[in-house]
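Student: Based on the provided sequences and hints, a complete structural model is requested.
Okay, here's what each chain looks like letter by letter:
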Amino acid sequence: MTLLNLVDVSVRYGRLTAVRGVSINLKEGEVLFITGPNGAGKSSLLRAIAGVTPTAGGHVEFDGAEITGRTPEDIARLGFSMVPEGREVFGSLTIEENLMVGAGMHSRTPGWKGQTAADLDSVYNTFPILKERRNQQAGLLSGGQQQMLVIGRALMARPRLIAIDEPSLGLAPNITDQVYERLIALQAERSLTLLIVEQSSTRAVMIGGRMILMRSGQVVLDGDARELGNSEAMQAAYFGYEDH
Amino acid sequence: MSTSSPALDPILSAEAIAARKPGPFSLAGKSIVTPILLVLILLAIAIVTTMIGSKPFNQVIIDLFVRVILVVGLYVFIGNSGVMSFGQIGFTCLGAYVAAWLTINPVMKKMSLPGLPDFILKTKMEYWQAAIFATIFAAVAALVFGRILMRLSGIAASIATFAMLAMINTIYSNWDRVTGATSSVVGIPIVRSIWPYFTAAGIVIFIAWLHAISRSGLALRAARDEPTAAAASGIDIPKERLIAFVISGAIMGVGGALTAHSIGVVTPDNFYLSLTFVTLSMLVVGGMGSLTGSVLGVVILSALIQALRFLEAGVPVGGSMLALPKGLQEIALGIIMIVILALRPSGLFGNRELTLTRNRSE
Amino acid sequence: MLQIVFDALSLGSLYALGALGIALIFGVMRLVNFAHGDVIAFSIFALLWPSTDAMAIVFAGNLPWFLLIPFVLLVGAGLSVLCEIVVFRRFRNTNPATMMIASFALGFVIRYFLLMLYSSRPKSISLLPILSQPVEMLGARLPLLQLITIIVTIAILFGLVIFLRRTRFGLEMRAAAENFSMARMLGVRANRVIMGAFALSGALAGAIALIFGIQTGTADIQMGAAVMLMAFISTVIGGLGSLAGAVLAGFLLGAASVVMQVILPVDARPFRDAFVYGAVILVLLFRPQGLIAARGTKERV
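For the record, the sequence lines run as chains A, B and C. Residues 227 to 470 (the working numbering) make up the first sequence, in order. Residues 20 to 381 (the working numbering) make up the second sequence, in order. Residues 17 to 317 (the working numbering) make up the third sequence, in order.
Hints in this document: simulated from the structure, not taken from any laboratory. The beta carbon of each residue, even a glycine, is placed where N, CA and C say it ideally should be.
If you only want the chain A side, here are some residues facing chain C, beta carbon under 10 Å, derived:
(1) I301
(2) V315
(3) G317
(4) M326
(5) G328
(6) H332
(7) S333
(8) A380
Where chain B lies over chain C, by a calculated footprint (3+ residues, C-beta under 8 Å):
(9) 126-137
(10) 280-291
Tutor: Take a look at the structure:
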């Protein structure tokens, strides 16, 4: 069942076109990697879906509902949780407070307090280091810990889809391994849909799933991560060999 | 420039590169149209005013020209550097009082401002001579304050300039023997002809233009738009800011002197928050990054104010009088400004300048 | 000596409250609200029937204190929220200069509205006169109002801290102040948080208006201006985005003003403010990011 549908989406910054007519269909429970070189438009695309950057064309549907042009908070409340590039923890808030910010959107539902407490416990089980430091300021955490925090924070919103922009940025490979390990476990556990942007396709190949390659704002390849992974087509497309 | 595609150009020799380096005022050619057009517009206004021959209207236009000088002075610093300075009117205050000190009748001076040094007490010079000294004094003050403040950026700089303005105001409001404190200093010779003000405004516009197209002005605008890249290119940001600050201060100083000569009276509160915000508003509404915006912003807003004043006095429509209730004039002005800014956040002219040809915006 | 301490505290309280009002809005919107001083004036004038007389005809001012105080606070909050809905909402993502001038123009409109209704003559009002009576405390005689000012400020600060740290809405406001965009991505409703900030800021303006009105016994259109200059300065010195910093800086500026008044030689006393402003410039030179740089504050370009 289609959870996220992008139809001919474009994003422009002034006279610069970052995304040109991208169409993607993402099914519930899928794990989709979007890779591509710098400036390919991957982050812009994610921000457009999240409602942070306005679209210059096309439309986006989430769970059957039209979300183009809606505010980020409305989109988040529909079940789309975005973890932007650079982690963006609330540095002056504690870890627990960071997590609680994500939980607020469901406060009107009955039994919220109990459910949230349960959610919190579950996040702490997945990322024990967060529990240890629950009352420390988030700004003091290391990069890897912050990445875990923002994933946990996104989870507290009880999303159906989590979009993560460059989770491995600035992290040592072994830390990134840990983060991905937990992420994939969570995905399986809760049947989450994952949309992950990574500059390098190595992760995608390691973990498997679907992969899309973007270059210059357009989708160039779309297929199984492992198949595409080290193929000639992949390298050519990534570096744009055929254009010269 | 080169007409061949850059990818195929051979590597240029050092001499060839040097030969292509632009001179200090290389942009003068095309862009001189802007100040010329602006001065012509002001000239037209001056001529019409002389023809109308009404004294009150003459005074209104004198005020307009003085405001043009002040707002252009603001543009030189704020528009080019991107640093919102609330302090520039402080220099106006300094300039105005210098004009007062040097042009008031010595007998009156001895009575009202006894604390002034002897050589000032004895002097009485022509207004234009005093204006020159006012300019120098203000420029020196700008140099002193500027050395201290130009290292700051953003909001810290803005508040520091606010503090500077407040400091000048406090000192002038309390230094009884030299400035007369809060009581008005009267006896300044009034210059009633419109032409000195027009001339000053014209000169100021050209100075602002020269600065803007100079290497310093360009460097400053580069730093405004991309501070990191600018610094990495070797631009000394504090120094370029200081240059603009001093030129701005000088212009504000001459504006202050002319203000003094336009009404014959000065008090510190005339050069404080009210004037600061009126001139800043004219700058922002006109377009902060544009010389055209500064000049035409003043003209348009002044016209608006006059129109509102006129309406408040009452306009016969049909058989009856249509008039705005008292006090509504300022409210209407405020609302109009908000509407303009909501519709055009970069001001009426944004970053663009008045030219004759249709060219793409900078 | 004790007198000086109380003077410093009570002046500092006023500045701190003013700074807090500015900092709250700056935190969520990066807007320096120049209309704040006029909201203060409006809150007091709301107590009077419109008239140009010097003796004000008080209508709501005759209410008993437990109705009077909430009334003024509500007027302040209400006007502030109205400003946001009608004006500031249109300027959400504009450059700082435009926002500042827009807020100034708005203040201008409010001020001349008051001028139109009430004329520029300060009006004498008599609010809660018992508070002006002096009180003996620890060997110093001070007006009860000064003591009340200090106590009320502390109570307000305390209440605000609890609100911000213990309630969900407070948490959302703090998150939004630190990183507005990220907070929205987590479902925090932008409009509500901003309105909350404006409401709180407006209520603080009302509180300042009350204190000032009782202290001076007059309602004057300019009453907000004096406090506001120091409030702006405090907000910046305290560290933009830091409420604690704004409050701290407010108290420090109040203390500095009072201390200068005392230690300066008599001839220099009228220039006291000039020294304070000079000190401000010095602080900014050495610590441009403010006393308490809010950790993790994003420079929103």
